[in-house]
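Since chain A is already given, all that's left is putting chain B on it; use the hints.
What follows is each chain in one-letter form.
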Amino acid sequence: MSERDITGLLFAAEMYGVQLDQLAARLGISETGARAIVARWRQQGYAESARLGPGRAWVWLTRAGLAACGLPYQPVAPALSRLAHLRAVTAVRLALESTASYAPAGAYWRSERRLRARAARRVPAREHLPDGEVHWPDAGPQPGSVGWAGECWAIEAELTRKTIRRTAAIMTEILTRTGDYGCPAVEVRVPGRPPRHTRVLYVCSAAARPVALRARGTLGGSLASRVEVRRLPPGAGLAGLAGSAPGTASSPAGAAGS
Amino acid sequence: MIGRYAGLLALRGVIRLLGRLLRAAVLVLLLIAALPVTLAAAYAATLAWFLGWPPRQLYRAAAWCLPMLAAWLAALAAAGQPWPRVAGAPYFAWLAMWHEVQAGRYLLAAVTIAPAAIPLGLLAGGLAWAWRIYSLETGSGGLTPSAPAAFDRRQWRHQVRTARGRIAAPGAVPLLLPNGSIVAGATIRAVRHPARALAVIPYPRVRSHQVVIGTTGTGKTTLLLRLWAGFIRRGLQLHAAGAGSRPLLVVVDCKGGADSRRIADRARRVLREAGAAATAIWPDEATLSLWALPPHQLTSTLVDMIEHGTGSAAYYQDVLAEVVRLAVAAPGGPPASAADFLGRLDAGWLAAAYAGVPGEAGLLPAAARHVSDVALRFRTLLRRLGGGLDGPGGFGDADAWYCILEGTAEIAVAEAQARALVDLLAWYATGGSAARREILLAVDEFSAVSRRLPIWQLYERARSLGLAVQVSAQSWQGLAADEDERYRVASTADGGIWLLRTPYPEPVAALAGSRRVVDTTRRLLGVPLWAHEGLSRAGGTPVVDAEIIRALAVGQAAYIYRGGVTYVQVKRLVAGPAELARPVRLAGAPAVRVGGGGAGAVALDATGIPGVRPRTDPLPDVSPVLDEAFGAEDR
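Protein chains in written order, with this note's numbering: chain A, 42 to 299; chain B, 359 to 993.
Just so you know, the hints here were simulated from the structure itself, not pulled from any lab data.
It is possible that some hints are incorrect.
Unchecked claim - Label-pair distances were calculated between CB atoms; the ranges are: (1) B:ALA770 <-> A:ALA118: 32 to 38 Å; (2) A:GLY233 <-> B:ALA432: 47 to 53 Å; (3) B:ALA429 <-> A:GLY191: 43 to 49 Å; (4) B:PRO425 <-> A:GLY191: 54 to 60 Å; (5) A:SER122 <-> B:ALA909: 29 to 35 Å.
For glycine and all other residues, C-beta sits at the position ideal for the given N, C-alpha and C.
This is chain A alone, in the form it adopts within the complex (with noise of 0.2 Å):
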């Protein structure tokens, strides 16, 4: 098992399941090496892979991979309805991951599975959960190091329009807790306590995007200068659909997204 397998199993793993195509630009080869790997993954059973939907093969580990990853995570096939969504958070992922700060500043992405299943071990809270966070390392005064070292970001991405007060209670929610995901209740919000997200991303379809902006004009200033809107980058949506340019439209199995 080579140090590109362990990264490829542990994205997969993280990330529900992963397309072909963002598979391979994750570890930087081919699609036909990614399909390589992918062949490997299964033969030794620690992976799945099918055509779920348009676009490329998805791929998504099984017991047996999570297991030998370590990860108490279920292991489910991608749901047809949260396709869209689950490709377009890889695709912000990627595309974060991608910049030239990411890797010096030591930053890391905490995906939703994993706080899901941290959030599990407590009682039900029916909290919303973020599409991701991203960490900043506090890291000195040292070469790499970036400006808003120590921060956490929230990440969302969101394909479909939700109500404005929808959108902006979430934002609230994120951007007014200070406990981390699977914290006792009592420690979700602690009065004199730091916020845990710094800000919130909001990584947006040309659809939902009006949305956030709006849902963000209704926050207190102090709040809405931590929400950021982006457009989702090129490659997000699930490919030969329409619209699957980055934020153009949404696509009928995006209605799950977040």
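For chain B alone, coordinates are given in the frame of chain A:
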């Protein structure tokens, strides 16, 4: 002689008749002369009768008209009118009105006199309405002997209609007032309580002991949900402002079954809207750990969970207690789970654990003969209890716990669970966790499982721990096992007693006491004429009318507090989007807004972060990395 006497009587009759006619004529002339005031008063009194308003409502309306009067007078003064003219403005307006009427300009006449006539009319209407109520309450008014009772029944219907209209109006009944008081619903009628349109319960009363009695299907759950939601939301407001600990609601539903689960789900949705971050439903979805108790408390709880006999069985109880103590307090720490505890109930394990411990090791040979029996009993008990008490988890994990005990189906199990839950909560309240909480313990039909923990003991214990206890039952008899306990519970409910429809309200109604009323008897001259002679005397009548309680409709409740009662039409809380509470400002604290729909039900200060001062330094600009990742934004 007889003829002269008859003539005298006739003359007296004629004089009396003339006197009455004269009085009536003067009255009619006065009413006509003050026609605008008369019309306003008649309208106000009729409206108050139709809506079942107390006279105070009209007085308040008159008071609210005073700014209009002041503005009118100020406008006259500003227009250059001399002061005597301004002072006599109502009189001059009255004269001017009649001139306008004579000229046929009725609208102008009404506008001319309105600033003075409306407040006066409201005041006069209020006085007339108050007199009408007084005369019927005292029995000195009305055409027929049954008029007072009929008037009361009719007024009740009018008051109920008004209260129902009020709770149906969107946004008319918020959960909290700006001062933090909890709004239970609309007031139907108040006796020896302030006659407000909304039935308001100050938060400290919810933090005191309360009793709720009402049969099935009367709206008890709706009322309780509203009180719980109010407790959570206000508690979170105070917590966010740094003025109190975070609230914790623990509901112990001792009925069990599918109905309890439906209520639990409803409670979770409602409490979520109120701001509760998590509502745990025990034992279906969440667990607690009995093994988190300190060893001495764990020993006591485990022993009390086992049913004992009396007489010679006391010997076995002592043996059992000693074996449990040895198992729990063994060197190496207390057990961490049921399996761990059962594993210790073994003579060999105990001998190995206490090897070399002087004193304790000497007890083992005597206890060894009974260890297997004790193990069998606990194995059976813990199997029947299920995993709900085997952890992980604690009361600190959620803002609200809805604990379902199968008190109807499995009484013995429910009794043991109740005992364990109360001990766990007591330990938590006394500082078993780092975070201090404002705790409200709500127990429904606790008497069904209170054989091993009498409810008065729970009550007293909770009081000593600073917990507020809310006891609810379907009837007076369901409140506690015997009459002494019932009275003890009811009479110490310093947060008030809620009565919904119940067939036997007398004991609770009696606790509200009586009030002094004037009762008048009159001489009947023949239906429907009364003589102008009678007798009035002061007497006592119950503050709470038991007949009204027996006839309460669904969603109606009587709130008894300090010798008064407020009849309430309870506003149902639905788990939909709730209106945002208005910002409230606590002394020395920034503005706080709590509530709102769905995920946004959080406590905020001006920054949106609980209790955090506004950040003065701007956040670093992250545009470079975002532009690189997602493309430049139009600015």
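Now for the hints, and whether the structure bears them out:
1. Evaluation of the 32 to 38 Å hint for ALA770 (chain B) and ALA118 (chain A) yields a failure: the beta carbon distance comes to about 46 Å.
2. A C-beta distance of roughly 51 Å is found between GLY233 (chain A) and ALA432 (chain B), which places it inside the suggested range of 47 to 53 Å.
3. A hinted range of 43 to 49 Å for the beta carbons of ALA429 (chain B) and GLY191 (chain A) is inconsistent with their spacing of about 60 Å.
4. Between PRO425 (chain B) and GLY191 (chain A) the beta carbon distance is about 56 Å. The supplied range of 54 to 60 Å therefore holds.
5. At about 53 Å, the beta-carbon gap between SER122 (chain A) and ALA909 (chain B) misses the expected band of 29 to 35 Å.
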